[in-house]
Every structure is written in C-alpha cells, then in structure tokens.
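Numbers in this note's numbering are just positions in the sequence shown, counted from 1, shifted up by 30.
No wet-lab data here; the hints were simulated from the structure. One should not assume that every hint holds.
What the hints assert, rightly or not - Derived pair list, reagent style BS3-like, types lysine-lysine, alpha-carbon separation capped at 30 Å:
#1 Lys517 / Lys458
#2 Lys400 / Lys415
#3 Lys376 / Lys361
#4 Lys504 / Lys458
#5 Lys436 / Lys458
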Amino acid sequence: MRKMCLRTGLLIITLLLPIFGEAQQQPDANVNLALSVDATLSGSVPVGTGRGTPLDILYDPSIGNYASVTQFNEYGVAVSEDLGTPTIGNGLNWQVTWTTAKQINYITFGGTYPNQPQPNTAWRISYRNNAVWTIIEEGTGGWIDSGIYVWDITDQQPITADAIKVELYSDGVNNLISIHLRGRGGDSTYGDDSATLPKATLIQLLPYGSNNNQNCACWGINNSNDIFYDTNNVGIGTNTPSEKLEVVGAIKSETLVVDPPSDGIIAQFGDPIPANPGRRNFDFVSYQGASDPSLELSMFDNNFSNRFVVRAKSDTEWIGLKDAQNAEVFKVARDPSLGSLIHLPKSDSRVVIGGFGGYLFSDGHKLVVKDGSAMIEGNILTNNKIGVGVSAAEIPNEYHLAVNGKIISEEVKVKLFASGWPDYVFSKDYRLLSLQDLEQYINLKGHLPNIPSAQDVEKNGVLLGDMNSKLLEKVEELTLYTIQQQKEIKQQQKAIEQQVQKNKALEERLVKLEQLMTKSN
31 MRKMCLRTGL
41 LIITLLLPIF
51 GEAQQQPDAN
61 VNLALSVDAT
71 LSGSVPVGTG
81 RGTPLDILYD
91 PSIGNYASVT
101 QFNEYGVAVS
111 EDLGTPTIGN
121 GLNWQVTWTT
131 AKQINYITFG
141 GTYPNQPQPN
151 TAWRISYRNN
161 AVWTIIEEGT
171 GGWIDSGIYV
181 WDITDQQPIT
191 ADAIKVELYS
201 DGVNNLISIH
211 LRGRGGDSTY
221 GDDSATLPKA
231 TLIQLLPYGS
241 NNNQNCACWG
251 INNSNDIFYD
261 TNNVGIGTNT
271 PSEKLEVVGA
281 IKSETLVVDP
291 PSDGIIAQFG
301 DPIPANPGRR
311 NFDFVSYQGA
321 SDPSLELSMF
331 DNNFSNRFVV
341 RAKSDTEWIG
351 LKDAQNAEVF
361 KVARDPSLGS
371 LIHLPKSDSR
381 VVIGGFGGYL
391 FSDGHKLVVK
401 DGSAMIEGNI
411 LTNNKIGVGV
421 SAAEIPNEYH
431 LAVNGKIISE
441 EVKVKLFASG
451 WPDYVFSKDY
461 RLLSLQDLEQ
471 YINLKGHLPN
481 IPSAQDVEKN
491 GVLLGDMNSK
501 LLEKVEELTL
511 YTIQQQKEIK
521 QQQKAIEQQV
531 QKNKALEERL
541 VKLEQLMTKS
551 N
C-alpha cells in the first residue's frame, strides 16, 4: 500500500503519476500560467497595425522580468487611434486559451500609460470552463486608467478555466481612443518599472487554503490500485468539508451506488429540518433492521411539513401527498385489511379524466369524464338523484331520476302500492257515472273524469304508474259500461223477439179474418 501527503509548499506527486497519467497542477508563485506550453495568446488588434503583441504584457516571475522585453511592453491600438464607441467584444480584446484547463486564484493586468487616460473606458474580465463564460469582474475606469487590476482569491478555492479574456469597450458615450494594456513591474527598454508592485500581467495558482498550513492529508493506493483517503473529510469546491465528501457544485456520474447500513439514511438532499433532526428536504431512508422492515422516500417543504411520502413494507405500501398542515390530500395504498385503495379525503377533492382539474369546476362535480365513456360492470347505486341531460338543480326534490330526452327499453316495470291499483271499480259500492252524467262531464270539462287535462300534462307531465292506474280505471269502467249495455241489448233483443211473435200471431189472425170475410161475400 502506498500513501502520499500534502504539506505547505511541498507535494509528493511521484506515486500519483501511474494513477493519473500526469502530474496534477500545483500552486507555484514562480509560474505564470499564460506562459504555459499549452497556452495560446490572441487579441483583437491585427498584427502590424497597433502596439505590441499579446505576449508583450506578460510578466515572468521565474526570471523577474517581462517574458519578452520590448520598448514599452504594451499591447493595443496605435496612439491616438479612435475606435469610436464599440460595444463589448468589439473594442480591444486580449485572451489566453489552454488546451488543458487550469486552476487559477490570482490575476493581474496593467492599465494604460498616464498620458493616455481612460477614466470612462468600460472593462470586463471573464473566464471560460466547459464552454461557459463567467464574469470575474467588470466596471468602468478604475484600474484601466493607469492602475493595476488585482484579483486574489487565495483564501478560497481556485476557479477552473480553459480561457481568460479581457474586453475593453466604450461606455456608450465616450469614444475609445489610444486604448491599450501594458506590463507592470519589469524593465523595458523605455524605462525601468521593476520597483512597481504588484507585477502584471500574471495568471497564477498560488498556495491557498490547506496548502498554507502543516496539516497532512494522506491518500493511499491498495494492491488493487484503488485510491483511498484515510483521514478526516474531503472537500471539492470547499476547504471546510463537514462530511466524508462534500462537493460544492455539480456531480456527473453514470451510476450512483449507495450501500447503506441496515437502518438509517440512504440519501439526503436539501436543507436540514429543525423539527425533525437528521432529516432534510428529500430523504431516502431504510428501516431494514426494524421489526417491520420498510423503505421510505420523503419530501419536506420549506416550512418543514412532510408533503410527499412513498413507503414500502412487507405487506403494505403507499404513495401519499399531504398539505402544509400535514393532512392527507391523496393516497394510493395496499393494505391487508382494506385491500388496494385510492382515497382523496379532502371535501373539495375532484377527479377529472380526459381534462384538467378546472374543467366544469363551477358545476361542483366530484368525478368528471371528458369526451369519453365509463364502463362499470357491477352495480351503480346512489342514495340521491340521477340526471341524464339535466343538472341536479333541474330535478325536483321528490324525484330520483330525470331524463331530458327519449328512453328506449324492452320493458319497463312500475311497482305501485296495492291500494293504488283500480280494482275498486269492480266493488259493489263503486259509483259508476251514468253515460248521461259522463256525457255532461265531458261536454263541461273536455276530458274524462280523473284524467289530467292537456294543460295539466303540458305543465306537470304525467306519472307513469299513476297514469297507467287511471287508464286502467277507465278501461274497467268501460268494461262495466259494456257489460251494462250488453244486458240492455239482451233485454231489448228479448222484447223484440216477443214483439215479433205477437206480430206473427196478429198476421195469422188477420189472414184468417180476411178468409172468413171472403167466404161470407
């Protein structure tokens, strides 16, 4: 097993080379990263048209002078050249680009010569990482007007960049004239500026954080070439990690494997929950060591209320949503005593199938199926009303079924109480109107007795069972009238037959009388 220790100003990296393939970048005050072998310098001034090159403003701390000594060690447009009022990116630009990203925590740039003041010049310094540009700082005037720009974050974690650029442009009002950058703290052929501090231009990784103390961070390699860290915590993006591994920033991985203890947190995300110590906004918890093992995924809101729960036990599982008062809003569950269930216990709960929750909201329906049908193979039971083509308000209180339209059926059965069926018509004490009285009633009322008029039917409709009863009453009365008429017909027939016999006897007597009279003559 091999180990390595990081100490102030000293890094044992020899053993890392077989692991990482090349030495990792280390803090070094004698290195200007803009002069690295993989650095490419560029600028916006065409070659041969302005002052100097992008290299001329770089300071090399390893030699204590400019990397390339020129007359003025400057870079920019010609003296008195007027660029007008260019916008950002269209004025004077200087950039260094690396093929391998660098860690950086210290940057300096030199402003213009005093005889070419720039109090209104706008500037921006940015870095690029993974194709994303981030502004380090921007402003107007200040250091660019004969000063020195210094960006120092050696008390923090360094940035990672594959490019650094400076953009100088107009404030939109004042023209950009004689704009340039210059090196500081070196000895050019024009004059000795070596006493000036800080030096410029520098882009560096200086010692920072734990690199400035004597604490030892020990890494090791086992026989399987696995890398491990055996003391304290590891921080990425932070020098004060509070856990075994703390990352300030994004983590990219194809797979995340967590091997939790038998009981405890598997994964957590978000802020701590003060009302529930040990919990955070998102918790994935294992209770495998409990008497009733389970897994739970919970979500707490910013007010520390448990709003979402997924739990799986040996014989019970559920998904639940709760409101801010921790009252259940929705649950899908499997319970041994209740079976599989879905419940929405809130009184204002609604289910809309085929549409959004606000569809037909004002109608007050609990269940809405939009643009479709529902197939129920079992019974449909209700202790209230059923309406087809009507609203609940249109159904009178004493009715339970209303249909606005026609009904087609092979058979309709109306069950009435026995007392409502008109067998009473055939009782001996039933008062049957005479046909004369019936005729008078019809002439007066325009309809049969005990039958609603056309106006009544139009206004109130008819009760199917009641109307069938009334119609049967009339049929039974008609039957009595028919029987009564049949008796009268029989009596009349008998009287006719008797009269015929009498007439026949009279005819015979008349014939005999006529014969006697003839003989007498």
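* Numbers of the earlier hints that this structure fails to satisfy, in rising order -> Violated: hint 5 alone.
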